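Number of protein chains: 2
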Amino acid sequence: MVKELTVAVVGATGAVGQEMLKGLEERNFPITKLKALAAPEEAGTLVRFRGEDHVVEAAAPESFEGCQIALFAAGEVVRWLGPEAVKRGAVVVDNSNTFRMDPTVPLIVPEVNPEDIRNHQGIIANPNCSTIIMVVALKPLHDAARIKRVVVSTYQAVSGAGVAGLKELEVQSKQLLAEEKIKPEVFQHQIGFNLIPHIDVFEENGYTKEELKMLYETRKIMHEPEMKVSATAVRVPVFRSHSESINIETEKKLTAAEARQILSRAPGIIVQDDPGQNKYPMPVFTAHTDEVFVGRIREDLSIENGLNFWVAADQIRKGAAINTIQIAEILVRENLV
Amino acid sequence: MVKELTVAVVGATGAVGQEMLKGLEERNFPITKLKALAAPEEAGTLVRFRGEDHVVEAAAPESFEGCQIALFAAGEVVRWLGPEAVKRGAVVVDNSNTFRMDPTVPLIVPEVNPEDIRNHQGIIANPNCSTIIMVVALKPLHDAARIKRVVVSTYQAVSGAGVAGLKELEVQSKQLLAEEKIKPEVFQHQIGFNLIPHIDVFEENGYTKEELKMLYETRKIMHEPEMKVSATAVRVPVFRSHSESINIETEKKLTAAEARQILSRAPGIIVQDDPGQNKYPMPVFTAHTDEVFVGRIREDLSIENGLNFWVAADQIRKGAAINTIQIAEILVRENLV
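Sequences listed follow chains A and B, in order. Heads up: the first sequence runs through residues 1 to 337, numbered per this note's numbering. Heads up: the second sequence runs through residues 1 to 337, numbered per this note's numbering.
Since the hints were derived computationally from the structure, they do not count as laboratory data.
What the simulated footprint calls covered on chain B by chain A, stretch by stretch (three residues with Cβ under 8 Å from a Cβ of chain A suffice, anywhere in the stretch; the number is not a length):
1. 169-177
2. 187-197
3. 231-243
4. 290-298
5. 302-309
Every beta carbon over 12 Å from chain A, so not counted as near; a handful from chain B, in silico:
6. L5
7. T6
8. E26
9. E62
10. L331
Treat the numbers as computed from the prediction; the structure is a model and nothing was measured. We put the beta carbon where it would ideally sit given N, CA and C, even for glycine.
My request is simple: use the sequences and hints to build the entire structure.
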């Protein structure tokens, strides 16, 4: 056990940073001192933690002196500040895309590959939210029947674009309902009462980076460099919680009942699958929870060994903040800091 | 050419019926007399057609005397009134699910199987909206490369539940934005800022009827009794236009460029596929149009011969009213009435 545990939260005023503070508090993370850090323009603002206000400081290399853990939810700035934190003895857990595919950086979903944490060299990466939500559900099925191919279509909430994304959906929806003009700023197009099949930037092959993350990150997390994943990522007018329609083909046959049982026993999953009672995962009801909800589990009628199912999970929590904290919890539990 | 063409529209006050009147007018359908029919409780209300008010009559067997064509958008009532209309010499084109899988009833998408109209015995069925939108895009690709399997996830607008569905999304969104209590009536759960992976009723195998329609109707329309379709149908908080994320596996390889070219030349399709310019189909921009919009066309990286693409189309128009009128246009053009 560590006696002193100073934890820096970088990006403490953002959507994910705020949820990290909440999560650290709720989960009784054994923190002794919090350093709330953010971009210089946020310095001086207050954030709440364990009933007290904390003054946000501008994140700088010296901010990490004496920190054992630094949780980053601040985008690309980790490229510069992450190594500075490591140099000062902190283990960095980063939410951004920056280091995810770096072969020296473990990419961790605690329910899937916690053992990879031990290989860290100072920096640990938190996967993309859509990937996290998907692999939590894929892993137990893969262990049971070996997944050969995944076809996934996402239904992603605006919270993926942070506080500004949440605000844009709210303001735009009000304007549209009042028949006022709208002006998209955060998203490429109108998001209120619309769908945008475009998240992150496009690559040459016609896929968005978001879609390719679901392929490459899944392979890395699951240690399956050949795993086949075909993804379509779509932004939907929902505030929180991403949903995904997932089709898998497995080597071994799994009945819907078997899959349901396997998923029920798996960590981090709540099976919500009772169509007769209109029970299935839905984003409004999974918002502000820490689990991945799975339902609509049924055998694919189009192939020998296939399953369809539907997942939903709070992308700011399990898809980002909570997954990061779970990684930090392992670091503490296994005396890795 | 028919000199006199009396057309009955049954369900003239509903969402689809209203759109039929609009479509008949816009497309200059050679109608000489309109009979606006509806349920008895709607009798006496007025509907607008070609600048004139028409008094809605309660639909009854005798309503169809002298009608050459009867367009039904009135649900199950066609089971009783459809044969009565046929008995009186009308050809019935029905929007409901009632006769779609009846082997004696042609199920028509004019871009796909117009020739089947000739086999009609008085009643012609209009497919399910999600099916129509999908098969318009599948057909030209199937002709070029033979589709072996389809995995589709839908993003269906509330207009699928008619005027009441549209109203519920509007009212509920306002209430939610005002932090007021909501009470779902049309949909099983909250639809404002939510997703409901449940359209139509559940079958024993865990699929909804909506999902199975996309399998069985597609097979019938495309004359491919073995075609494999795995569908997941989801209601989204969008007013009009359904969208679909479609993955296909073909026998012959098609590059994205080839698919784009094939689709560009196909009837009833507008290819909107320029990711660099943020151009792809979106429901708000396809609402109130008659075509199926296709974009995000890209080669599936997970199989040898696969494609992913994204379609959107106005479900009340191409998904229902316009498809029905197009069928009626063929009846007139080919002297089948």
